[in-house]
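Asker: Protein chains in written order, with the working numbering: chain D, 1 to 127; chain C, 1 to 182.
Mixed in with the good hints, there may be bad ones.
[As the list claims (entries may be wrong)] Across the chosen pairs, the derived CB separations fall in these ranges:
no., chain 1, residue 1, chain 2, residue 2, range
1, C, Arg54, D, Gln10, 25 to 35 Å
2, D, Val65, C, Asp148, 46 to 56 Å
3, D, Asp5, C, Ser162, 31 to 41 Å
4, C, Ala130, D, Thr62, 28 to 38 Å
5, D, Thr58, C, Ser161, 45 to 55 Å
6, C, Asp73, D, Ile55, 17 to 27 Å
7, C, Thr165, D, Ile55, 55 to 65 Å
8, D, Ser14, C, Ser161, 22 to 32 Å
Bear in mind the hints are in silico, worked out from the structure with no lab data behind them. Owing to the predicted nature of the structure, the values given are computational and were not obtained by experimental measurement. Glycine included, every Cβ here is placed at the ideal spot set by N, Cα and C.
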Amino acid sequence: MSISDSEFEQEIRSTLESGVTNLDAETRSRLAAMRNRALEHKPLWSRWLTIEHWIPLTAFATIAVLAVSLVFFQPHQGSPEQIALQDSDIALEVLFSTDDHDDVGDPDFYVWLDMAMAEDEEPKNAG
Amino acid sequence: MGRGQDSKQSMQNFLAGIEGRAFRIAQFATRNRDDALELVQDAMMRLAHKYSDRPTEEWSALFYSILQSRIRDWQRRQAVRNRFRTWFAWNEEDEEYDVLEQSPADASSEPSIRLENDQFMTRLNLELGALPHRQQQVFLLRVWEGLDIAQTAVAMQCSESSVKTHHARALQKLREKLEELR
C-alpha cells in the first residue's frame, strides 16, 4: 500500500533522526568540543594576532617600504655619477676634435681648460 | 553581561540541537567523517563569531548557508585535488583508498552507522548518498532540517524553482528505491 509523500518524508525524517541519536561516542565528543571552541569568546585583538592576518599585512608593509624607498632615495642631480657623465662629454669633444692633441699632455692646458669652462659658465649663471 | 550570557547560552543550545544533523548532512555531502566534522566546525565558528547578535530564528538558515558554502568550497578543493591526482598519477594504493573513502557503501562502515541495523535506515543512507549532490542537500534541508523553500534557495545559492525541482526529483527517486522495502 502506497503512502503519501508527507508520510514518506516523515518516515525518512524519523529514520534520519534515529541515525543522529545513534552517533558514536567519539563523534559526539568531537562535536561537543567543537561547539565549546566556537563559543569561546575571543577579543578582537587576539583574532588579529593570527598568522592568516599577519602574512598579508607584513607583505603589504614590505611592499610599501620598498615603494617609498624607491621614490625618495633616487640618486639626486649633481651626484658624482651625473658630474662624471657631464665631464665625459667634454672629454669626448677633446678626443674627437681634429685639433692638435699635443697640448693634452701639458698641465697648463688643464688650467686653461678650467678657466675657459668657468668663463663659459659665467654668462649662463648671469643669465 | 547577563544579556551576553543569555545569548551565549542560546547559541550553546542552538548548536547542541543542530550539530548532529549538520554533521550527518555534511557527511552525506563529503562521505568522509573527518571532513564533515571540519566543515561543521567552520560553520559553528562562523555563526558564533559573526552572527550571534542576529535574531535566534535566523540562526538555522544562516548556519546552513554557511555550511553549504563550506561544502561548496570543499568540493572545489576536491576537484582540484582530483585533477592533480590525475596529472601526477598518484600510486594505486592511495587511489584505492580514496575510492573506498568516496563510495556510498563507505557510509555503512562508519562506526556511527554500524549500529543502525534497520534495513530501511541502511538503504536510506545508501540511496541518499547516491543522489546527485544538489538534490540530496535540498532534500535534507527541506525534509530533515525543515527550512522553507526561500531559506533553502539562499543556502544552496539557487532559485526557488530549482529547490522545488531538486526536492521533487529526490523524493521521486527515494520513493522508487525505498518503496519496495516497506
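Asker: Give a verdict on every hint.
Answerer: Hints, verified against the model:
| no. | hint | result |
| --- | --- | --- |
| 1 | C/Arg54 to D/Gln10: 25 to 35 Å | holds (30 Å) |
| 2 | D/Val65 to C/Asp148: 46 to 56 Å | holds (53 Å) |
| 3 | D/Asp5 to C/Ser162: 31 to 41 Å | violated (19 Å) |
| 4 | C/Ala130 to D/Thr62: 28 to 38 Å | violated (51 Å) |
| 5 | D/Thr58 to C/Ser161: 45 to 55 Å | holds (48 Å) |
| 6 | C/Asp73 to D/Ile55: 17 to 27 Å | holds (20 Å) |
| 7 | C/Thr165 to D/Ile55: 55 to 65 Å | violated (43 Å) |
| 8 | D/Ser14 to C/Ser161: 22 to 32 Å | holds (29 Å) |
Hints 3, 4, 7, counting from the list given before, are not met by this structure.
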